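Enquirer: The residues making up each chain are set out below.
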Amino acid sequence: MSKLKVATVWLDGCSGCHMSFLDMDERLLELAELIEIVYSPIVDAKEFPGEVDIALVEGAVASVDDEKKIKKVRAHTRTLVAMGDCAVAGNVPSMRNPFGPEAILNRAYIENTTTQQQIPCVVVPNLLKVVRPIHEFVKVDIFLPGCPPSANTLYTVLTALATGQPVDISSLTRFGA
Amino acid sequence: MTDAVEVKTLIIDDQEVSARRGQTILEVAREHDIHIPTLCHVEGLSNVGACRLCLVEIKGSNKLLPACVATVFEGMEVVTNSERLRRHRRTILELLFAERNHICSVCVSNGHCELQTLAQEQGLTHVRMPYRNPQLSVDASHDRFTADHNRCILCTRCVRVCAEIEGAHVWDVMGRGINSIVITDLHQDWGSSTCTRCGKCVQVCPTGALFEKSKIGTDNPKNPDFLPYLNLMREAR
Ligand code: SF4
Ligand code: SF4
Ligand code: SF4
Ligand code: FES
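Going down the list, the protein sequences come from chains C and X.
155 is the number that the numbering used here gives to position 155 of the first sequence; each next residue is one higher, with no gaps.
8 is the number that the numbering used here gives to position 8 of the second sequence; each next residue is one higher, with no gaps.
If you are wondering where the hints come from, they were derived from the structure by calculation, not from laboratory data.
Each hint should be verified, as a subset may be incorrect.
Here are the simulated lysine to any residue pairs, SDA-like style, with alpha carbons at most 20 Å apart [unchecked claim]: (1) C:Lys139 to C:His76; (2) C:Lys139 to X:Pro130; (3) C:Lys139 to X:Arg128; (4) C:Lys129 to X:Gly167; (5) C:Lys129 to X:Pro130; (6) C:Lys129 to X:Arg132; (7) C:Lys129 to X:Ala98; (8) C:Lys139 to X:Ala98; (9) C:Lys71 to X:Arg128; (10) C:Lys139 to X:Met129; (11) C:Lys139 to X:Thr125; (12) C:Lys129 to X:Gln135; (13) C:Lys71 to C:Leu128; (14) C:Lys3 to C:Leu29; (15) C:Lys139 to X:Ser46; (16) C:Lys71 to X:Pro130; (17) C:Lys129 to X:Thr125; (18) C:Lys129 to X:Glu99.
Beta-carbon label-pair distances, calculated as ranges [unchecked claim]: (19) C:Thr79 to X:Val7: 34 to 44 Å; (20) C:Gln117 to X:His35: 52 to 62 Å; (21) C:Thr114 to X:Gln188: 38 to 48 Å.
The model shown is predicted, which means the values in this text are computed figures rather than measured ones.
Cβ coordinates follow ideal geometry from the N, Cα and C atoms, glycine included.
Model the full assembly from the supplied sequences, consistent with the hints where possible.
Expert: See the structure below:
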């Protein structure tokens with residue numbers, strides 16, 4: 001059996017879910033028998049591959065850039081997994097929603113700075129009006145709540161996916177876990 | 001003189017049970033260890049049937065009844081857990097999450113919240129409706145407690161415990177529909193209200209909406225269990 005191609009993607013999240021992924025520690029070696037990481041912030045690939053079996057997506061959709069990325073990921077992925085509360089529910093990044101993007105840009109780049117007070121117009125992608133979970137943009141196949149989902153949860157779900165076994169997500173994790 | 005207790009027999013989830021006249025379906029189910037999820041109901045307070053999580057099916061009727069307020073009748077056949085009921089319960093929970101701002105990961109009640117626990121128990125892994133993200137206030141004017149309207153689900157437990165048990169009736173509901181919020185006195189700050197500082201509302205609040213300052217997080221669960229005991233002591237007097 002050829003190994004499953006797995007990608008991990010980082011949108012508007014704190015990287016905590018990726019830390020949890022790395023927290024699988026020596027179990028990553030076991031997993032490496034079943035899967036191959038073809039794209040991720042922790043490997044070198046620059047372009048999202050043409051065909052991916054499983055994509056684990058961390059983070060909410062908060063900018064035009066995130067929106068472009070998630071659509072591309074969906075187009076090339078068989079099983080898309082929303083990894084963590086930000087991807088599943090907006091979570092901490094969505095706390096700006098009641099106030100709008102101008103308010104937080106002002107706070108970060110004007111009110112809280114003493115020099116060079118200006119809102120960047122290049123490099124930092126334009127923010128969307130509201131931060132949304134990824135399933136409001138593309139179809140999501142598996143939702144893994146948790147902030148972050150534990151290494152154990154990630155391991156159980158990945159092994160189940162790789163071996164074609166069913167898995168009961170709610171027995172493993174919840175919002176805020 | 002004692003009234004003869006009128007006994008009703010009924011079936012809950014294929015189990016034959018007997019009950020006293022006037023008992024609610026929920027009471028009878030709990031006496032027989034049959035689990036029906038609830039949210040606005042709390043042992044020791046009146047029931048308002050507000051959250052609809054406890055809806056059950058009655059054979060021969062296509063109307064769903066809230067088990068916390070519906071009373072038993074002779075020959076009743078109750079179903080407490082069907083695919084239809086599970087679907088409704090999940091939808092109710094989704095609407096509650098979408099209505100205000102629930103960010104469990106940074107909530108004072110993370111790990112001991114009844115809404116969060118119910119979501120997990122009912123297999124809810126995401127919310128299909130778009131979040132409303134309303135702008136809501138946090139009242140930290142009280143020197144001991146805080147009210148965070150972002151987390152309130154309008155179950156009115158606080159209103160009932162303050163009126164029925166403490167007898168102070170500081171809490172009430174203001175506004176209509178989606179604009180409803182719980183208020184203290186006539187919408188004064190909690191800190192300058194007629195609050196007696198008993199803390200009962202905090203203990204019965206199922207979510208992170210009411211909490212005791214500096215007592216937050218997983219190590220500080222709420223304790224609503226004092227209510228049945230308090231009622232017992234009162235009746236004994
Ligand atoms: S879900 Fe939690 S851990 Fe994961 S990215 Fe969001 S904030 Fe970080
Ligand atoms: S009140 Fe409960 S459901 Fe809402 S954010 Fe807090 S822990 Fe989560
Ligand atoms: S403050 Fe708490 S107890 Fe009061 S209505 Fe809101 S959720 Fe219920
Ligand atoms: S518990 Fe019955 S309606 Fe809320």
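Enquirer: For every hint, state whether the structure bears it out.
Expert: Verification of the hints:
no. : hint                             : result
1   : C:Lys139 to C:His76              : holds, 12 Å
2   : C:Lys139 to X:Pro130             : holds, 14 Å
3   : C:Lys139 to X:Arg128             : holds, 11 Å
4   : C:Lys129 to X:Gly167             : violated, 46 Å
5   : C:Lys129 to X:Pro130             : holds, 14 Å
6   : C:Lys129 to X:Arg132             : holds, 13 Å
7   : C:Lys129 to X:Ala98              : holds, 17 Å
8   : C:Lys139 to X:Ala98              : holds, 19 Å
9   : C:Lys71 to X:Arg128              : holds, 19 Å
10  : C:Lys139 to X:Met129             : holds, 14 Å
11  : C:Lys139 to X:Thr125             : holds, 14 Å
12  : C:Lys129 to X:Gln135             : holds, 15 Å
13  : C:Lys71 to C:Leu128              : holds, 15 Å
14  : C:Lys3 to C:Leu29                : holds, 13 Å
15  : C:Lys139 to X:Ser46              : violated, 43 Å
16  : C:Lys71 to X:Pro130              : holds, 19 Å
17  : C:Lys129 to X:Thr125             : violated, 25 Å
18  : C:Lys129 to X:Glu99              : holds, 18 Å
19  : C:Thr79 to X:Val7: 34 to 44 Å    : violated, 56 Å
20  : C:Gln117 to X:His35: 52 to 62 Å  : holds, 58 Å
21  : C:Thr114 to X:Gln188: 38 to 48 Å : holds, 40 Å
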